[in-house]
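Protein chains: 2
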Amino acid sequence: MAGKPSAFDGRIRAVVDAVLPEVDAGRFAAKRIAGEAVDVEAHCFTDGHDQLRVVLAWAAIGASEQHEIDMRAEPNDVWRAQFTPPVPGRYRYTVTAWVDHFASWRAELARRDEADDVRTALQLGAAMLDALVSRAGSDAPMLMEWATLLRASAADGATGMDIAAMKALALDPARAAVVLRHPDRRFSSSQSRDVTVDRQRAGFSSWYELFPRSTAAEPGHHGTFRDLEQRLPYVARMGFDVLYLPPIHPIGRVHRKGPNNRLDAEPQAVGSPWAIGAAEGGHKHILAALGSMQDFHRLLAAASKAGLEIALDLAFQCAPDHPYVQAHPTWFKHRPDGSIQYAENPPKKYQDIYPFDFESDDWRELWDELKSVVDFWIAQGVRIFRVDNPHTKSFAFWEWLISEVQRVHPNTIFLAEAFTRPKVMQRLAKLGFSQSYTYFTWRTGKQELIDYFTELSHGAGVDYFRPNVWPNTPDILHESLQSGARATFSARLILAATLSANYGIYGPTYELMESTPRGAGSEEYRDSEKYQLRHWPLDREDSLWPLIQRINRIRRDNPALQSDRTLTFCPIDNDQLIAYAKHDAASADIILVVVNLDPYHTQSGWIDIDLAVLGLSADQPYQVHDLLSEQRFRWLGPRNFILLDPNRMPAHVFKVRRHLRTERDFDYFL
Amino acid sequence: MAGKPSAFDGRIRAVVDAVLPEVDAGRFAAKRIAGEAVDVEAHCFTDGHDQLRVVLAWAAIGASEQHEIDMRAEPNDVWRAQFTPPVPGRYRYTVTAWVDHFASWRAELARRDEADDVRTALQLGAAMLDALVSRAGSDAPMLMEWATLLRASAADGATGMDIAAMKALALDPARAAVVLRHPDRRFSSSQSRDVTVDRQRAGFSSWYELFPRSTAAEPGHHGTFRDLEQRLPYVARMGFDVLYLPPIHPIGRVHRKGPNNRLDAEPQAVGSPWAIGAAEGGHKHILAALGSMQDFHRLLAAASKAGLEIALDLAFQCAPDHPYVQAHPTWFKHRPDGSIQYAENPPKKYQDIYPFDFESDDWRELWDELKSVVDFWIAQGVRIFRVDNPHTKSFAFWEWLISEVQRVHPNTIFLAEAFTRPKVMQRLAKLGFSQSYTYFTWRTGKQELIDYFTELSHGAGVDYFRPNVWPNTPDILHESLQSGARATFSARLILAATLSANYGIYGPTYELMESTPRGAGSEEYRDSEKYQLRHWPLDREDSLWPLIQRINRIRRDNPALQSDRTLTFCPIDNDQLIAYAKHDAASADIILVVVNLDPYHTQSGWIDIDLAVLGLSADQPYQVHDLLSEQRFRWLGPRNFILLDPNRMPAHVFKVRRHLRTERDFDYFL
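Line by line, the protein sequences give chains A and B.
Using my numbering, read the first sequence as starting at 1 and increasing by one per residue.
Using my numbering, read the second sequence as starting at 1001 and increasing by one per residue.
Hints listed in this document are in silico derivations from the structure and should not be mistaken for laboratory results.
Built from N, CA and C at the ideal position, the CB exists for glycine as well.
Fair warning: there could be bad hints in the mix.
Stated by the list, open to error - Using C-beta positions, here's what the derived DEER-type ranges look like:
#1 B/R1364 / A/E114: 34 to 40 Å
#2 B/R1526 / A/E114: 22 to 28 Å
#3 B/I1069 / A/G62: 41 to 47 Å
#4 B/A1057 / A/D557: 55 to 61 Å
To be verified - Per the computed footprint, the stretches of chain B lying under chain A, defined by three or more beta-carbons under 8 Å from a beta-carbon of chain A, are:
#5 1009-1017
#6 1415-1429
#7 1583-1594
Just chain A, same shape as in the assembly:
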């Protein structure tokens, strides 16, 4: 027979198709969270009228224990089942289908009504039981007995046994259940897909970024890890759970940058933490001015005690005086004069940074060394890495690095700091980054927010791209924040924290509403901490910290805000008002957010709520309880009035209560 490999078995008739979840037909793993159910769907069918049996097998890759459950048939050849991976790791699930001749026989028998046909069917059933006795183990005697009964009854039938009685014996569900335990799976089809299962923080996290060197108690001093320890209660009190530190390594002295990125740095300039490496060490060392490795261990312990997890920055690049440059010149690109090529994107130049050359002939050595950096910090106790500019290193490298690290340490979280073209950001997420920065920082208008977050929560990326949204970063002081308007800072914070389960701010600039750019048209902060020490007046009366504390508390208390999949925008007839809801089915938690995007004027309008999506009834009143102001309103039906004065608070974050039990629930009325 031409055209077929000899291993191929033409007797396989079942088809498994369109398996979900999956990314690019199995080229990448879908992402899920430990403890959350994974809904598996597949299209399974066979030729003709035969019945199928379809099972879902799943296991952590490398684990010896394999789980298997039956999938259930739904209309239109769709089969479903779910499994719940208990702990982080890489899992593989497999949908297997085969023609179930016993089930087909049962289904046909149920529709037979002529005595001769039923008798023939009983004979056929007995023959099928005979065939499976040999693999039925301790069930064999029962099946043999049943076969004998079927044959006897077929014979009795010839002398008048009642058709209904014969069918009842043959269709006995208890006996059929025994047969189910011994399927003939010789001619089965399978499709497997992988799922990367992360710990819960990968799906729900509140990040705070600060520069440790700016935490000294007194102005003009270089902050230390000991100073940072003193700062932990401040960060913890606001309700964050991840404290992310820019690079903590020795900073290069060659071409060191001065304040405001000046090339002519004074000798005492502290330089950019991203210009990593100097004579005293590189990516596995700590800047002496911050403290010792012992201090870092103390910091980790103190942070953990305060409910904070430290995230480090992985910036795979070198200052010219990084020890790698001398030790491994082949890891860098050389110019015709023998000098090493610094980073540039003409006409921009970064003379204090040497990028690695991922086309180096010694790429294996380079990859191994970079992975050893991650392993080193994991050994110190770090499990979250914010990766600086991953899109300027090779995709294959990241795919290898992340899978290798997570194979041994599945608790590790990688956040991709790639602010670049959409397909590049998507690719980084597909190949393994646990979370990704987004364009949120630049999405400030109502329609662009709706479009972007609809794409993020319902588009092609939902199975692999986890947004982590930031209203500001040390690199991005968005134009809208440069007004310094308190309402804008409040609104952007609330949007970030309620649109996305993962969000972060760069503080204390954020709560102190730092708003001055380096120059006109610039998104850089003036006197940025990237290049100099700063000292922050944390106790300033107008600080936004109480609002931050409240919004983080709301996030922790409400499961609806801990996932992105249910995000639904609500029509509201005012271009400055944006409204959306999220809900959590298990806890029946519903949050409805309305934000006034205009920082200067009171805006009002009528909101239209999709009651069905939220499980609300059209003729029962429900309560909306503003968790920011503690005001409670009683609403009825989908259409309700909203008025927001940005000078008081530019948003409502309503908890929606379906069932009003006591008079107390009606405290406040409009």
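Following the hints, position chain B against chain A.
For chain B alone, coordinates are given in the frame of chain A:
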């Protein structure tokens, strides 16, 4: 280095993703037509700021000649190119991308404006030219000369050579074009996909089905191939190009069915042509009453001369007296008493049909024999097969059969007669069937027609599922046709012929508006030709043949109707009126169809035409010329009035003319 096969090269930085066209990530081939351009799209990018080069290679599988062209970059990392497969066959195309260091160097140099940087760049360029000289063949001297010039100019530059002159020398496009011919493709990424390219008839065909045995000149006689030869001018005159014949093989005598599917057939009953095989032969033989193999060859030749191609029926099943049953008992399922299992779907029984058992241990033999049936008829000159109930034979078998047959005979067309669940029909199309029957027969309402044909022409199946739509078949006399209303027959014909590039009718029942079902609620014809001879009064005055002739002429004259991809429905404010347009860009042909679905009443309404889609101007009049009535109207703008009296003609088939050149174009006005 853990986790990577040693053949893997980490220096590959380019990514090729999201290649189109494709079906299930390359599991199946997309379908196209010979002579039509295949638009290829891919997402290609690399890390960092480097430039990519992306090429499209394509070739017929097995051919020695490989074609390659550059793809062009569009915004958002999308790359495009197209190729035109000249003849039918299976093709493979490959998108290959690599980092183009020379192009990156050029792009960066263009943005440099400091003398030192430009001089360094010239040195770097010279070094790149040195590196490619060894593979540059006869271009080597020119490249060496250029490298020398670049070095000299970099040196001159040190003494004041003008930056612009240096850049002009380095960016010289003519010299760069030479470098393009010698790319360094060591670190490239590729993705390949297959395309099945069919001949034009697979994409545009008009089918007519008839029973040869009903073509005798006199009633009561068994028609022959000689009689059928006399019928060819009748079919050709109507404008069909495919004449499809139900099975022409010996018909079983065991359990032969009588008229109207009666079990108690009289001795002279002719039986069902689908009960294939008797003592005198099976699938490779011709029913003696129809004629000899020589007669069949004559018929093929005469049909070809008349512009008709004969399509045969592939019904892979056997009458109980088919020679296969004796010779190959293992190809069939046996019952406990040793008898062979006939086809059934309880409570329905088909005692005259034995299905093959595709789980037979001798499946290889069975597959080979069934393929030999196809090869046999191909050897006689047949190239179109209508496959009976493919969904009751195994999917793997069809995939193998079609690909093996088309590998040698790429002109072969297979039409899947599967009226079954959507995913099964989709799978048959994916695995290789050139055309597929559809649910059109049961889609009679306006909205269900719009939904279904929008899915067919714009849904997931467009790259593999080619609809062939039939208003009737010997198995389906739809309820709507049972009224016998001439307007319904006309409307359904016009819908089929203009909604779909491939369509067919079962005649002469259709043109003679045969409308009597076997019983109430039945879709079977009374006195169906499936079980008895019929004699048709072809010259009846009310025959629809002139309308059929006209609609087929319109289809041949208008490229817009020869493809399905441009189908667009137009809003029209009457539930009984349906309107849609198709256009062909190359010929600027536009067809606008409006059908009155109510066979009894005049209906009117306002149509809304999407002028932009059809390339019409909002302020220029255009002509709509009804190719059925020859009436011409002058319209302006998108909104126009329609009135259709079903007693005259239930449809307009307008040719839309954008440019009105002469007064003649205004013959008729509303």
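Would you pick out the hints that fail for this structure and give their numbers low to high?
-> Those not satisfied come down to hint 7.
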